[in-house]
Structures are given as structure tokens and as C-alpha cells.
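A.B. asks: End of the sequence shown sits at 589 in the working numbering; the numbers just go up one at a time, nothing left out.
Don't read these hints as lab results, they were simulated from the structure.
As the structure is a prediction and not an experimental result, all values here were calculated from the model.
Glycine residues also receive a C-beta, built at the ideal position from the N, C-alpha and C atoms.
One thing to keep in mind: the hints can contain errors.
What the hints assert, rightly or not - So the derived label-pair ranges between C-beta atoms look like this:
no., residue 1, residue 2, range
1, Val109, Lys270, 23 to 31 Å
2, Ala257, Ser292, 21 to 29 Å
3, Asn467, Gln543, 15 to 23 Å
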Amino acid sequence: MNLRKNSVLALFAASLVGVSPAAEDPAAYSHAIAPLLEAKCVGCHGAERQKGKLRMDSYAALIKGGSEGPSLVPGKVADSLLVTRICLPADNDEHMPPEDKTQLTAGEVQLIRMWVEKGGTEVLKVSQLGLSADLQATVAAIISTRKAPAASAAGAPAAPKVDPAVAAARKKVAEEVMKKINATGASLAPIAQDTPELRFTALNVSDSFGDQQLAELAPVADQIAWLDLARTKVTDNGLAMVAKMTGLTKLHLENTAIGDAGMAHLSGLKNLEYLNLYKTQVGDAGLEKLKSLGSLSKVYLWQSKATPAGAERLRSSIPKLVVNLGWEFEAAKVAAVTAPAAAPAPAPAAAPKPAPAPAPAPAPAAKPTPAPVPAPAPAPAAKPTPAPAPAPTPKPAAAPAPAPVPAPKPPVVAPAPAPAPAATDEYAGVRQRLTAAHQEAIGLVAKAKEIVGRSENEVRVASNELNMARHHVEATVKATAEANKKVAQLESAVAAIQKALDAVKPHASLADVQKTLTEDLAKAGKLVESAKANVAVARQVEQAAPAKAAQAEANQVAKQKALDEARKRAPHYEAVANAIKQTLDMIRP
Numbered sequence: 001m002n003l004r005k006n007s008v009l010a011l012f013a014a015s016l017v018g019v020s021p022a023a024e025d026p027a028a029y030s031h032a033i034a035p036l037l038e039a040k041c042v043g044c045h046g047a048e049r050q051k052g053k054l055r056m057d058s059y060a061a062l063i064k065g066g067s068e069g070p071s072l073v074p075g076k077v078a079d080s081l082l083v084t085r086i087c088l089p090a091d092n093d094e095h096m097p098p099e100d101k102t103q104l105t106a107g108e109v110q111l112i113r114m115w116v117e118k119g120g121t122e123v124l125k126v127s128q129l130g131l132s133a134d135l136q137a138t139v140a141a142i143i144s145t146r147k148a149p150a151a152s153a154a155g156a157p158a159a160p161k162v163d164p165a166v167a168a169a170r171k172k173v174a175e176e177v178m179k180k181i182n183a184t185g186a187s188l189a190p191i192a193q194d195t196p197e198l199r200f201t202a203l204n205v206s207d208s209f210g211d212q213q214l215a216e217l218a219p220v221a222d223q224i225a226w227l228d229l230a231r232t233k234v235t236d237n238g239l240a241m242v243a244k245m246t247g248l249t250k251l252h253l254e255n256t257a258i259g260d261a262g263m264a265h266l267s268g269l270k271n272l273e274y275l276n277l278y279k280t281q282v283g284d285a286g287l288e289k290l291k292s293l294g295s296l297s298k299v300y301l302w303q304s305k306a307t308p309a310g311a312e313r314l315r316s317s318i319p320k321l322v323v324n325l326g327w328e329f330e331a332a333k334v335a336a337v338t339a340p341a342a343a344p345a346p347a348p349a350a351a352p353k354p355a356p357a358p359a360p361a362p363a364p365a366a367k368p369t370p371a372p373v374p375a376p377a378p379a380p381a382a383k384p385t386p387a388p389a390p391a392p393t394p395k396p397a398a399a400p401a402p403a404p405v406p407a408p409k410p411p412v413v414a415p416a417p418a419p420a421p422a423a424t425d426e427y428a429g430v431r432q433r434l435t436a437a438h439q440e441a442i443g444l445v446a447k448a449k450e451i452v453g454r455s456e457n458e459v460r461v462a463s464n465e466l467n468m469a470r471h472h473v474e475a476t477v478k479a480t481a482e483a484n485k486k487v488a489q490l491e492s493a494v495a496a497i498q499k500a501l502d503a504v505k506p507h508a509s510l511a512d513v514q515k516t517l518t519e520d521l522a523k524a525g526k527l528v529e530s531a532k533a534n535v536a537v538a539r540q541v542e543q544a545a546p547a548k549a550a551q552a553e554a555n556q557v558a559k560q561k562a563l564d565e566a567r568k569r570a571p572h573y574e575a576v577a578n579a580i581k582q583t584l585d586m587i588r589p
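Given these sequences and hints, build the entire structure.
C.D. replies: Here it is as C-alpha cells:
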């Protein structure tokens, strides 16, 4: 069954490269692995550029590895950095290729892993990998688009080589600038051992670091990849120097007075991947000037002048860009999504019709006028008494005033529901200050970890320099001893020649021998003088070597001390950040 399977794979591989089934099936490295690495790794690890002192443009280079160890240990996946780095999560700083570069597909990662696991040799055949159907398709895609491997690319123009003299001159300039900068308390160092790329931070001198100090980086501007200007006095005008750092990938400007005008100087940094504008004066107008930075993957804008709308415009213009507006903005977005919908307001009750006004009460009937009383008959004897005047007719009683019409009652309106009690604002100010402090603490944690990484690299460099200095001391001692030994040998030769010359002088017949010995004696004498001069030089070097070794040791001790301090700070800041977070959780409404 295995024989049949291998035969099928051999036929499949042969068909991919256009050869007859009888021909030898292709080697996995030259026809699949090497083209993959050429397409996605050699740009940073090839003849022109060797990040981490690593080349990946040949099988021998993979075996040799770089400053962090071998890229390929045949048959050992866990020991091969080539595999472990490509298998890390994409957000891990050690993941390869870098986040902004073209990534390997899952099939390509699995193909490389299987090649290493099956032996990882240069002659291992495609048919020997035991590929699944999906991986066979992956190999087919690679081979169909691959360039001819280096071995068959006869006549192809060679990659341009860096002039060693130019490289040496650049290295010397960089060393001089590093010495000058580091003497001020700032830090300028290589990102990794034996790489021209540099990282700079003004962390320890931020209060006095401004445009003038930034300008001193001009001789190495094109070599700076990471630049930390947080909390410095650098202005918008000063960023004109940053514009010259065309290889810049990380830029910290947090807690500075940088504003919109400064962003114009960053618009040409095509390799910039990380930009921190926390607590700056940069607004939406400044963000518009960053839209040309296609490599940009992370921007921090919390407590800047930028608005959410401006940040969204920037994010939508650059693929894969992540814009961080801070904890408050993220919390607001979450609240907007998770808050329950508001209940609709109740409809107002219909107003009741007013009651009809009551009819006025009828006026009471007037009382009848009383009949007049008749006068009595006159007495005969008496003078008739005049009849009394009739009583006046009483006026009818006035009709009572109609009862007042009662005013209609106002319509009864259903009372509006009482609003939900507002969340207490008792701790609003405290929360705001704690949130700012928490963000600050998180920034300090990140910076402390970055310093730890940089310090670890500086300790490694200093340790190597110390070992070299110690070896140099031993070498100079040996050189001095060898020079003294050479002088002694030459002096012995001079003495022997002189003795022979003295022996032949009395004999006239040996005049020719005497002449030859005299010439040899003169030559030997010159060699002795030269050897003694070499001894003097060797002694000078020997005497200077211990001082250089002591200086290297002091530097190594200082770097180790700085690393120990940095390692203490990082957990402290983490504890502070966690404590603040716990307090925020306790008082969150």
C-alpha cells in the first residue's frame, strides 16, 4: 500500500514540474520550501538585509542560523526557529513574518513543518513527505508560480552587495554617535546584535530633550527603526528630523505637545507600523495626513484632540489598522450595544368633554297686590274722617341672580412615568482620575517590558564585548611572549653568526665566507631590532588590554544592574495597574 502511495505521489510530483514519470521526482527544498522562503522571508533575511544576523536565502544559511540560534535543525521541529516562529500567534511580537508583511497560509506553514519533521534535508523528495490532498494542492500552487531555484538560475543578475568599506564606515559613524548620545543619559543601541538598525529612547532625559538634541541623530537617521520621544519637549518643527528616518517602524510621541502640523512630517514614513499619540494635541486634521501610511497597523489616540469620527476615517483608509481611542470610548461602545431599548412614552389620556352649563333657576312668581281696604261709613254727628291713604303697592321681589356656571375641570392627564433614578454620580470624578491613572500604568508596564527587552539585548552585547576583551588580554600576553621568544632566537642567531665570523677571520682563503657571514650578521641585526620594536608594541597593547577589559566589565555590570532594575519595575507597575483596576471595578456604577 505504501509503495503504491509513494508511486502515486511520485507521478503527481513529476507532473507538477513537467518531467516524465520515469524522471526523479523533485526535491522538496528546491521546488517548494526555497520558493516559499524567497517570497516571504528573504526580503528581511537575504543578501542585502540580515535582520538578527540571519540569512534564509540558502540551505546552508538556514543551518547556520542567526544571532538567536539555528533556523533549521533537521528532523527537530521544536528546535528549529524557522518552524517555531511561524507557528506563533499573529499578535505575538516574535511571530514571523511580521504582522505587516505577507503571511504564510495555514497550508504553507504545515508544509514547512512536515518538511522539517521528515528530516529537513536538501535532498528530501516531495513524494517522501506523505502529503494530504490539500497539501499536494499547496505544493502544486507553489511550483506553478515559483521562480527557478538559485542552482538553475544561471546568468541571472547577482543581488547587489553592500560595499564592505561603506558598511565599515557606517558602522564607525554609528558607534561614534552612540557613544555621544549615550553619554547624555539617552539610549541609542542596535535592535539586535550585528545589525545596522538602531533603537533610541529619551526616557531618562525626557525633561531636557528637545529639537536640538533630536537633531544630533542626523548622522544615523536612516538606521533608526524604533524611536521613543515620549514626554520630551520635541515640537512639531522638530519632527522634520524624524521625516529623515525612512526605516522607522515604531514611534512613541505620547505625552508631548505635538499637534496637527507635526503629522505632515510623518506622511513619508512608509515603513511606520506603530504610532502612539496618547495625550497629544493631534486632531482630525492631523489624522488626515497619516492616510498615506499603508504599513500602519496600530495607532493610539486616547486623550488626544481626535474625534471618533476622525479616527474612523483614518481606520477605514488603511487596511488592518487598529485605532485605540481609550477605555472610555470602548466602554461607551459596549454600553451603546448592550443597553436595553427605551420604553415608549405612554399616550396622553383623551381630554373629557366639559359638562353642559346648568340652566338658570326660574325667577319666583311675584306676590299678588293686596286689595285696598274700603273706607268705613261716615258717622252723622261727627265730621267725617278722611279715608286713609291706600297702602302702597309692594314692588315684586327681584329675581335672584342665576347661579354661576362652574368652570369646566381641566382634562385629567395620566401622569408620566417617573424617570428611572439616575446612577449615582458620587464617584464620577474619582473614576475619571482612576481611569487616567490606569491607562498611564498600563503604558508604564508596556514601556517597562520594552526596556527589559532592550536591556537584555544590551547585557548580551556587553557580555560579548567583555569576553572579547578578556580574550584580547590573553592574546596580547601570548603575543608579547612570542615576540620576546623571537628576539631571543634572533639574538642567538646573531651570536652564532658572530662566532662563525670570528672563526674565519684569520683565514685569508675564507674571505668569501667571511663576506657572506658579515652580510648575514647585518641582516640578523636588523631582524633583531625589528623584533624588539614588535615586543615594544606588544607590551603597549598588553598594558592597555586590561584597562579595556575592566571598562568592558564595568559596562557589563552597569547594563546588568539596569536590567535588574527594569525587571523589578515591570511587576511593580503591573501590580499598580491591577490595584487601580480592582478599585475601578468596585466603584463602577
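A.B. asks: For which of the previously enumerated hints does the structure constitute a violation, in increasing order of number?
C.D. replies: none
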